[in-house]
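J.: Here's the letter readout for the chains.
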Amino acid sequence: MNLLNFAGLIAIPLFSSPIVYLAGRLGTHEATLHGRSYLVRVLALLAVLAAWMPFLISVQTLIVSGPQDFSVNTIRLRADGISLLMAGCVLLLGTLVILFSGSYMSGEVGEEKYYAMLLAMMGLMIGLVTASDLFNLWVWFEGMAISSYLLVAFYREQAASLEAGMKYLIQSATGSVLVLIGIAMVLAQVGTLDMAQITEAVSGSGVNRLALLGAGALFVIGFGVKVALVPLHTWLPDAHSQAPSGISAMLSGVVIEIGLIAMLRALAVLTGFALSWGILLMAFGTLNILYGNLLALRQTVIKRLLAYSSLSHIGYILLGLGIAIYFGIGLGAQGAFFHLFNHMLMKGLAFLAVGALMYGLFLQNGSHAALKINDLAGAAQKYPLAAFALSIAVLALGGMPPLAGFMSKWQIFVAGFQTQNIWVVTLMIFMALNSVLSLGYYAPLVNMMYRKEPSQQVLAGTPLTWTISLTLILMALLVILLGFAPGLMDWLTVPAGESLMEIFGD
Amino acid sequence: MAGILVVLVVALPWLGAVTVWVAGNRRPDVQHSYAILFSVLTGIASLVLLPFASAVSVIQLPLGEAFGDLTFVPDGLAVSLTAIAAVVGSLAVIFSVDYMRGDAQLGRYYFLVLFFIGAMTGLVLSGNLLFTFFFWEITALCSYGLISFYNDDPKAVAGGMKALIITQVGGVGLLAGTMIAFANLGSFQIADLLENASTLPVAALSFIAFSFLIAAAAKSAQFPFHTWLPDAMEAPTPVSAFIHAATMVNAGIYLLARFFPAFETVPAWKMSVLMVGLISALISALSALIATDLKRVLAYSTVSQLGYMVYAIGAGGVFASQFHLLSHAVFKALLFLAAGSVIHSVGTRDMRRMGGLGSRLPFVRNVFIVGALALAGVPILNGFWSKELILEIGLEHSPIWAYGLMLVGAGLTAFYTLRMVWLVFLGEERDHLRVHSAGSAMKVSLGILAGGTFITWLFFGALNGLLSSTLPFHELEHESLIHMVAAIISGPATWLALLMVALGFGIFWVRARGFRLFGGGWLSPFVESSFGFEPINRFVIQGTYKIAERFSTTQTGELNWNILGIVSALLVVLVVLWLGV
Amino acid sequence: MTFTPLNIILFGVIALLGVGFYGLLITRNLIKVVMVLQILIKAVILALILAGKMSGNLGVGQSTAATVIVADTIVAVVGLALAVQVRRRFGTLDVPKISTLRG
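Chains as they are written, first to last, in our numbering: chain D, 1 to 506; chain S, 1001 to 1581; chain F, 2001 to 2103.
For reference, chain D alone in the conformation it holds in the complex (with noise of 0.2 angstroms):
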């Protein structure tokens, strides 16, 4: 029953892909194209629905009796704090964006395969976080990067976002190679590829300890391309810019955040070494910090510059995690989990407010240029929600009270000075420091939105539709809400920073 019911949180939306691409695809004359697209969104809808019910079952599962294993074949899974967090975010954010992108996709060429992607993204994302074999954790991987691919290409008529696909594809792919060489090195080294085997053959003798901190470097590097640790986040840009909006939502707020699950995951395994991965996590959480709030600064774009934030909000995460690893400090984990699961609400919100005001300015019109910050001008006037909304989710992921974004930077504050050690001290004002710079290309957004003269872009925008000022609602109440109770994701986060001091605790 357990197996059946998490096997069901996977296969759900998975098997639900082809469904919806079938239901748009068979038979479709020009006539009934738009019942299908309709027939279409509502499936998706309900598909992600379905797969909320084992993920609550699941939870249930988890706080009564712990972690789970499961294997099928050669298929192991495993369902532990981790794994349940970032169904939990898959699904969430998953679900908001179909909700949005009901209005925002309609009318696009090949909009079931929007969809029928989405939902396997969505399935092999849950799947990679439950992997618990290496090599399993690697296919997850794969399969999610492939529909990844597909989705930031969906405008194919765009040379732009042709050109940040075929980037995104090699970069991407050279990551992965680099991680099938780790995998080789630990199979050459243990012969086995289960997570739990491998752990405890490497504290046996007679293992190449180099080898296998070579294999730690090419995991880190590997599944960092998709991390988008400077400087191999490249990638990340030009993909989160040119994809549709609802999809830089995904990327930004769980795909990137899946990599270093993967990540953290593989390099779990390879005990003794927890030091090194410590040090190497913060050093690139800082390198990020820095790097992604320079580059935001002088961005004019408004998905990119949010993209470059995510840079840096991946750094916060990071030196959470570095520091609840380095130094087995169970708070950092926690609070790098709850900056991660807010990141996917803020920045998501952002993606979408963004998505709403280009479907208005832009879409509508049949047009799609890139939002420039100055066609925001007055946008308040007209599209009141989606420039509140917006406002809200930047002004969280610059750490303003009362919003998500400031406790769980809080609580990562928090962890980093128990330490007690003056670089992490010196390190978390430099952190703080480079919040505030943050707020130096979040805030003039917020007044470009509130000016009282509106853009030509503005003045011959279109109304937004009920769908998309749900989305943007509830993702903008939840925000404000964590803002106020951040004991509220106690019950996904605590579990998730015990599993990772858990398997990182040797």
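What the hints contain is simulated information worked out from the structure, not anything from laboratory work. Where hints are given, some of them may not hold.
Reference listing, derived: stretches of chain D covered by chain F, where coverage requires no fewer than 3 residues with Cβ under 8 angstroms from a Cβ of chain F [what the hints assert, rightly or not]:
id : stretch
1  : 131 to 144
2  : 189 to 201
3  : 233 to 245
Some chain S residues near chain D, calculated using beta-carbon distances under 10 angstroms [as the list claims (entries may be wrong)]:
id : residue
4  : Leu1063
5  : Ala1104
6  : Phe1135
7  : Gly1145
8  : Val1567
9  : Leu1570
10 : Leu1574
11 : Trp1578
C-beta atoms are modelled at their ideal positions from N, C-alpha and C, and glycine is treated no differently.
Assemble chains S and F onto chain D, guided by the hints.
T.: Relative to chain D, chains S and F alone:
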């Protein structure tokens, strides 16, 4: 009861904020009335709260390891500041009914003002440093939103950004200090920090003390962060009166006063506080001498008066600083609001175009002069008593040269105050401006504040009793009003100060005829660069942008280059790991 | 180091990886980039089988290698499909000419 009241003073304005916002911009009258309703109710609740002051926390809500317990402690310091914030806030809202009439986006305006009132009361009432910081940042957010309320004006946006960034940099100080305290004590409770300060390692305590000083200086626009307040004057005038004169800028003073018993023993801390106050008081008084924008003069004078309060804390006079804070909140709000009516009536802030407005705005002139005399420290207005108290403490507990310089500052204050009154209301009309008379809501607010300027010093005994009985760590002596009056009248400091004030008036009077009232000669380059700190700000910003520009060239967008990033990162990581093992 | 069969394969893997990364660093034609990626994948497949053999668990090595072949065929297909679209939109396959997004 106290618990309910505490919740009310925080929650009522926030509820009001949401209500006004939901009411929608299409019905401005409804928005005005809701705003008044909620702010006045908050004001009443805050006054009712005064007798319930106590040193124990009235609300306790555990929030987990990383956040501690949410507590509210309505002690004397907290309830008095709450009352100031709520009462001045409601007067500012009443004033806004006339001032903001016909403005677009009223919902956003009132939302931010009411949200600010709640945050300010929360800030002073909070017994948990996390929530002090939480509310601290919300006040910064509201202040930024209101300074750049007129978003179409680039100066307003720049002013708002400047205020936000500078106070946030200060906020990092509060954050770091709080975190160090937590790392050492395992608690976010303010009472725990005050009680166990002596058990902390000296280095940790010094770190906390100085980072809190940085936070306070940034929030209260003190040296070296004094540059943001004059630029914040782009905000609607009721906001300048309320947030940038009477309440938010007091948060820094509050922070120093609150933690004074813990940091008192930190070497050089008191002296640093004293110097910060002294330098701020003097340089902004000098700046006020030559400024020609009415609101800027008032902003400089706010920085200068806040400098007096910081100086008082540095000299050990926590109570004196709070007493002056009360007086200053009342008379500076009065001055700003009166200036607001003038600006509203004539449509300019430039004093060069005003002059001789007194006969056409008699009511505004009268109340403005009351406020100005209080600012200058003329008996028997409230500013006189509190400033004398500070100078008396300065004479006893600070180096004599510092006291002397503060005396000079009092003279400068008298000088620029008289100049301001002269330029606006007296003399001949320089520019024939169309004058509208002040509205009735404006007159209500101004009248109440002018009355307050005459009488708030009578609350000396009550305020003193409130603070001395509910602040267990501050060791304040109880003193009665009569005692204070007697001490001030008989003290030599008073007569010296009055002499300086008279001298200030006299010099202005003598030079008024031949004196070039505009353009300050040798002073102006200093004032324009905020005594050298404006170029530093600009250097930091431009430097950051330049670095960002450099960095952005690394994003070439070329595939081979991107692959090179991956390969070289791999090599670096391999080498680092290999060396590390 | 002796020339055992295993060592020869190891040299083969390293050589293919070297060629592959060098190719990625200098190649400017999109189709060639996809081909170079395939060279890297071949190296990986060899490496997996070699690893299985070295650890005495050849079955694992072979099954993973087979899966990699399938998965990376899909990547190659998607890559080539995108390359076709790029050729249509840009009229060229020269990577520097299609690089418009920067900064």
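J.: Run every hint past the structure and note whether it holds.
T.: Quick rundown of the hints versus the structure:
no. : hint       : result
1   : 131 to 144 : holds (count 4)
2   : 189 to 201 : holds (count 5)
3   : 233 to 245 : holds (count 4)
4   : Leu1063    : holds, 6 angstroms
5   : Ala1104    : holds, 6 angstroms
6   : Phe1135    : holds, 8 angstroms
7   : Gly1145    : holds, 8 angstroms
8   : Val1567    : holds, 9 angstroms
9   : Leu1570    : holds, 4 angstroms
10  : Leu1574    : holds, 5 angstroms
11  : Trp1578    : holds, 7 angstroms
Going through the hint list in order, the structure satisfies each hint without exception.
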